[in-house]
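Residue strings, one per chain:
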Amino acid sequence: MDRVKFLIPTFILFIIAISCVPAAAADIVADSAIAILPPNVSDVIVSDKPNDPGGTLVVEWILPDSAALAAMPIKGVNIYLSGNHDGPFELITSLPKSALHYECSDLQDGESYYFKVTATANGLESDGITSAAGIPSGQWFNTERLPILIVVILFSITAITFIIKARGGYDFYVRPIAGIKAVDEAIGRATEMGRPILYVPGLGSAADVATIAAFTILARVAKKVVEYNTRVIVPNYDPVVMAICQEVVKEAYASAGKPELYDPKDVYFITQDQFPYTAAVNGVMLREKPATNFYMGMFYAESLVLAETGFVSGSIQIAGTDQLVQIPFFVSVCDFVLMGEELYAASAYLSREPQQLGTLKAQDLGKVTVVILIIIGVILSTIGMSGFANWFNVG
Amino acid sequence: MRREVPLLIVFLFGLFMIVQYFIPHAKFAFWYQEFNNWTIIIGIFTMIVGIGSLLSVHYSKIRFRQEGWGYSLVTIVALFGMAIVGLLGGTEGDLFLKLYRFGLSPVTATMFSLLAFFIASAAYRAFRARNVISTLLLAAAVVVMLGRVPIGEILGGWLPRWLQLPNIADFLLNVPNVAAKRAIYIGVGLGVAAVSLKIILGIERTWLGGDGGKR
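Chains as they are written, first to last, in the numbering used here: chain A, 2 to 396; chain B, 21 to 235.
Calculated from the structure, these hints are not laboratory results. Small disclaimer: the values here were computed from a predicted structure and weren't measured. Treat the hints with care, as some may be off.
[As the list claims (entries may be wrong)] Calculated lysine-lysine pairs in the BS3-like style (CA-CA distance at most 30 Å, straight line):
| hint | chain 1 | residue 1 | chain 2 | residue 2 |
| --- | --- | --- | --- | --- |
| 1 | A | 290 | B | 81 |
| 2 | B | 81 | A | 368 |
| 3 | A | 266 | B | 201 |
| 4 | A | 182 | B | 118 |
| 5 | A | 290 | A | 225 |
[Said to hold, decoys possible] Computed beta-carbon distance windows for the label pairs:
| hint | chain 1 | residue 1 | chain 2 | residue 2 | range |
| --- | --- | --- | --- | --- | --- |
| 6 | B | 67 | A | 369 | 42 to 48 Å |
| 7 | A | 126 | B | 201 | 50 to 56 Å |
| 8 | A | 175 | B | 197 | 26 to 32 Å |
| 9 | A | 379 | B | 32 | 39 to 45 Å |
| 10 | A | 373 | B | 197 | 28 to 34 Å |
| 11 | B | 32 | A | 101 | 31 to 37 Å |
| 12 | B | 182 | A | 377 | 27 to 33 Å |
| 13 | A | 288 | B | 141 | 19 to 25 Å |
| 14 | B | 32 | A | 126 | 52 to 58 Å |
[Claimed, not checked] So these bits of chain A aren't anywhere near chain B, every CB distance computed over 10 Å:
| hint | residue |
| --- | --- |
| 15 | 102 |
| 16 | 208 |
| 17 | 220 |
| 18 | 244 |
| 19 | 368 |
| 20 | 385 |
The beta carbon of each residue, even a glycine, is placed where N, CA and C say it ideally should be.
Isolated chain A, as found in the complex:
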């Protein structure tokens, strides 16, 4: 009986002891896990993204020092977001350890947001550091574009000054451009040969400055066409451009007192596909045999196909484009080429209006200024003062 009395408590103690072993073992494991948790990142800073429309915060952090990383290298960081400092936090992204900042977008302007950044390694995660509140907002001025604003203001003031000066009767000298002088001769040639003129306004839309310049030259061409009683064909790629070209040509006929001679079928739409458009224009060249071809506006890979076909059909060709890559093609095939800004300058040359010439002089002054700035920038950068050149490196 004594033995039984002794065995019962012993058995109970044994059961208790056995039941405690897993918990104790778990505690031991947990203790060891705490000991090997990845080191925390530090200095978690949240700031509003500068020069943005709003709704974005930038989170930055500093990785643990090299000693801590040597003890336990981390794999990456987890970024958590919450509307309250104490959470609950929601995991929004996991980044590699090379990332030292994160842009969180689609946030509500004016609301407070808290970020917690934790380090991860071997499936374990540090406690993390919670940032102070960040409030996203949109900016009303892009400070990175300040140099551009200054240049725009200076250029506008210069141009307006020259326009006022020109209106006052000041006679500006403008350098002659062969391509523009050739316009009238080319129209005269078409008249003599009794063949039409082909005017291709390119693949640009009416919003492109090169196409707007093409309208100006078309106005001049149409005026001369009416004067010499010849015909101009304008195949179009863009329906808006077509509508404007129709209006330009129609007005030329109307202002010459011959509105009945205007044929809307000479200014027409073809297609908005690049190569079908090219094929159609080539067809016009080979069937109509125009005496003069004008290519004014924006051109891409079709430039050489058009110009070569025009060359084969024996036309005089005048091209003008601001597409740098296409200029060599036009130069090699066409008789005259308006390169880059010369195309824009055409309206001033053709109209000879003082205020148009005023802006031309402002352009020239702008170029001189740019050259001076480039020289200053090169000298300063060469002697190690690159701040001046970097100031013009805008976003």
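Guided by the hints, dock chain B onto chain A, whose structure is given.
Below, chain B without anything else, positioned relative to chain A:
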């Protein structure tokens, strides 16, 4: 009023486009996007005007049996054929895709392929040594072309490194070529600014038609 209203619209919207470039705020970004959407919508409606013009030109050619009227017939049949097939079967439909892949695409690719032959004939004319400048152009072109192919490396392999064709080709492309390109870019940039200013201020009005209503 026929002239003043468009000029006022252009002035206001032109000014807005300049201002919005410097203001990143969401309110301005929203209106900028809205105005761009309007442009797209207006562009789609003008397509009706364009198709009207296309039909008018080709219909009259067919009607009066003008030279090449058969091509006009093909154009109109293709226009309506593709539109009907697309409307009935959708643009992902089998017939529409077959017409696109086996009809339009090969024709377009053929036109593009012609470019290779045109480049050859244009290069032949451009690279004739007629004077000093065209001889320089020819020499530069030969060096750049040879410097871009493996035989160029072999040809001058025994020369000092800076005289080897690939290095000379790189120099020509990266120094004088880039300098000339940047000069044109600067000119184009100033030209665009000047034309934009003229349009916003109403000095340049050709886009209104004719001489822009100048008295």
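| query | Does the claim that residue 244/A lies off the interface hold, with its Cβ farther than 10 Å from every Cβ of chain B? | reply | The claim breaks: residue 244/A does not keep its Cβ more than 10 Å from every Cβ of chain B (closest is about 6 Å).
| field | Status of residue 208/A, Cβ more than 10 Å from any chain B Cβ | value | Not fine: 7 Å to the nearest Cβ puts residue 208/A too close to chain B.
| message | residue 182/A and residue 118/B were given as a pair; does the straight-line alpha-carbon distance stay at or below 30 Å? | response | 50 Å, violated
| task | Just tell me: holds or violated, for the beta carbon distance of residue 373/A and residue 197/B against 28 to 34 Å? | result | 23 Å, violated
| said: Hinted pair, alpha-carbon criterion (30 Å max): residue 290/A, residue 225/A. Please report holds or violated. | reply: 19 Å, holds
| field | chain B versus residue 102/A - minimum CB to CB distance exceeding 10 Å, so not interface | value | Its Cβ never comes within 10 Å of chain B, the nearest being 19 Å, so this holds.
| query | Would you say the C-beta atoms of residue 182/B and residue 377/A sit inside 27 to 33 Å of each other? | reply | Given about 30 Å between the Cβ atoms, the range holds.
| field | residue 32/B and residue 379/A - C-beta distance against the hinted 39 to 45 Å | value | 41 Å, holds
| Regarding the assertion that residue 220/A does not contact chain B, is the least Cβ-Cβ distance greater than 10 Å? | 5 Å, violated
| query | Once the closest CB in chain B is found, is it more than 10 Å from residue 385/A? | reply | 22 Å, holds
| message | Does residue 201/B sit within 30 Å of residue 266/A, going by the straight-line distance between their CA atoms? | response | It is violated: about 39 Å lies between the C-alpha atoms, which goes past 30 Å.
| request: Can you let me know if the beta-carbon spacing of residue 32/B and residue 101/A is within 31 to 37 Å? | output: Since residue 32/B and residue 101/A have Cβ atoms about 45 Å apart, the given range 31 to 37 Å is violated.
Violated hints, listed in ascending order, are 2, 3, 4, 10, 11, 16, 17, 18 and 19; each of the other numbered hints is respected by the structure.
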